[in-house]
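A.B. asks: We have chain A already, so just place chain B on it with the hints.
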Amino acid sequence: MSTRGFTGRRPDAAAARRLPPGQHETDDFPVLSLGPAPAIDLAAWRFTLRHGARPLASWSWEQFQALPRTTWRGDIHCVTTWSKFDTVWEGVTVDDLLAAAGIAAPTAFLLAQSWDEYDTNVPVADLLDGRAMVATHFNGAPLAAEHGGPARLLVPHLYFWKSAKWIKGLKFTERDEAGFWELRGYHMRGDPWREQRYLDDE
Amino acid sequence: MKAMNERGGSDANETGGSGPAAWQTAVISRIEPRTARMRSYYLQAPLARHAAGQHVDVRLTAPDGYQARRSYSIASAPGADALELAIEMLDDGEVSAWFHEVAQAGDTIGVRGPLGGHFVWSAEQPGPIVLVAGGSGVVPLVSIARAWREAGAPVPALLLHSARSWDSLAYREELRGIATAHGNFSYLTTVTRDANAAADHARRIDRAMIAEALARLADVPGTCYVCGANGFVETAAQLLVAAGIAPRTIRTERYGG
Chain A
1 MSTRGFTGRR PDAAAARRLP PGQHETDDFP VLSLGPAPAI DLAAWRFTLR HGARPLASWS
61 WEQFQALPRT TWRGDIHCVT TWSKFDTVWE GVTVDDLLAA AGIAAPTAFL LAQSWDEYDT
121 NVPVADLLDG RAMVATHFNG APLAAEHGGP ARLLVPHLYF WKSAKWIKGL KFTERDEAGF
181 WELRGYHMRG DPWREQRYLD DE
Chain B
1001 MKAMNERGGS DANETGGSGP AAWQTAVISR IEPRTARMRS YYLQAPLARH AAGQHVDVRL
1061 TAPDGYQARR SYSIASAPGA DALELAIEML DDGEVSAWFH EVAQAGDTIG VRGPLGGHFV
1121 WSAEQPGPIV LVAGGSGVVP LVSIARAWRE AGAPVPALLL HSARSWDSLA YREELRGIAT
1181 AHGNFSYLTT VTRDANAAAD HARRIDRAMI AEALARLADV PGTCYVCGAN GFVETAAQLL
1241 VAAGIAPRTI RTERYGG
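From first to last, the protein sequence lines stand for chains A and B.
Using this note's numbering, you'd call the opening residue of the first sequence number 1 and step up by one each time.
Using this note's numbering, you'd call the opening residue of the second sequence number 1001 and step up by one each time.
It is possible that part of the hints are untrue.
Stretches of chain A that chain B covers, calculated by requiring three or more beta carbons in the stretch to come under 8 Å of a beta carbon on chain B [said to hold, decoys possible]:
(1) 7-16
(2) 22-35
(3) 194-200
Hints in this document: simulated from the structure, not taken from any laboratory.
We put the CB at the ideal spot given by N, CA and C, even for glycine.
Bound conformation, chain A alone (with noise of 0.2 Å):
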């Protein structure tokens, strides 16, 4: 049933196309996150892979910034509705990182983890084949820190908060463990094409 006396504003069919159900574009780029970016000391930053609580790999920024690094340009999409094209990023693939830790993922999960506590579960398939990085520069300049700065993950085809900010590392997981959101609701893996918000969304 339709609203009384509403008509909208449509985007225009090429942004139409670009938008997931229930998303519009915005030109801004809006920070959801609980609670105050933290400060972070590049001399004691570390990212470090680990399988549970064993550590696989570890790098000090230092180190980081010696591994290949990949630009991606596209759109990214945050589950409180707004959208954003034509973003790009610049950081170290997931594949990379594993490449240069000279193994593979050894389970079908992990939660991203944050300096500031916060964590995110994210099926390691959604991780590989250059579809996440763990971005430093956003618009050809470092990474703010209210957008996650100095590092953050990306994984831009899965709603932004599974793109968790000030991280620190992936932990691998046995089984798919929920992360701080998908703990107070949100959806275990979160596409925005299947609009996957909420935790009882399909």
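C.D. replies: Showing chain B alone in chain A's frame:
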């Protein structure tokens, strides 16, 4: 596949399921002005009881099926007779323009929720609460202040509201009233584009203002809630951190876009 997606989440689940993700029909029962740019919309909606600080998703549908959605914080206390959304008119706002220019009592809209499990307060939480609002960010904090009052004012509480002008301090008289009735509720105001002396301060939020606010509480805050536009929230949250508040006790809700 895409054609299916575009219809997904529409009428198919309008009546299916009863969880917070299911869309329901709400009736606007009453509209009241709050400020020159903000009005309260009281809804009758078959939603579960919310927690103070939560939001709902609102959906408007055009005759051809096009839909627009936005999230709005709930202003009413949990268990209130009507669900109150206080909606600010935004320049270029597709959904807020409908609310301000078209909506009348008796209109129906789509809603789902309540949503959000982090920016919430319950009376069981220990310690004083600090509520810091920028502009329309006061809305979910009003819900918390009302829930606090209804819980019998169990812990010391403070609300610091920064707005452009004296007249844009939404809910000002009600919050002053709570402070008058309860000695353990402090209400501090600051205005940024208005020299009106009635506010406590006429400047942007800063270190001294946070220090003054924290000094009004006898004890370390159990939880701080900061809500508003992104720049305001990050500034206020960092000022709280600089004042010695543990970052994990600071919860933020940011209005972007």
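A.B. asks: The segment 194-200 of chain A covered by chain B? Criterion: 3 or more residues, Cβ-Cβ distance below 8 Å.
C.D. replies: This one holds; 6 residues, not fewer than the three required, reach chain B with a Cβ under 8 Å.
A.B. asks: Using C-beta distances, would you say chain B covers the segment 22-35 of chain A, given that this needs three or more residues below 8 Å?
C.D. replies: Satisfied; 11 residues make the cut.
A.B. asks: For the segment 7-16 of chain A, do at least 3 residues have a Cβ located nearer than 8 Å to some Cβ of chain B?
C.D. replies: Answer holds; 4 residues pass the 8 Å Cβ test.
The structure shown violates none of the earlier numbered hints.
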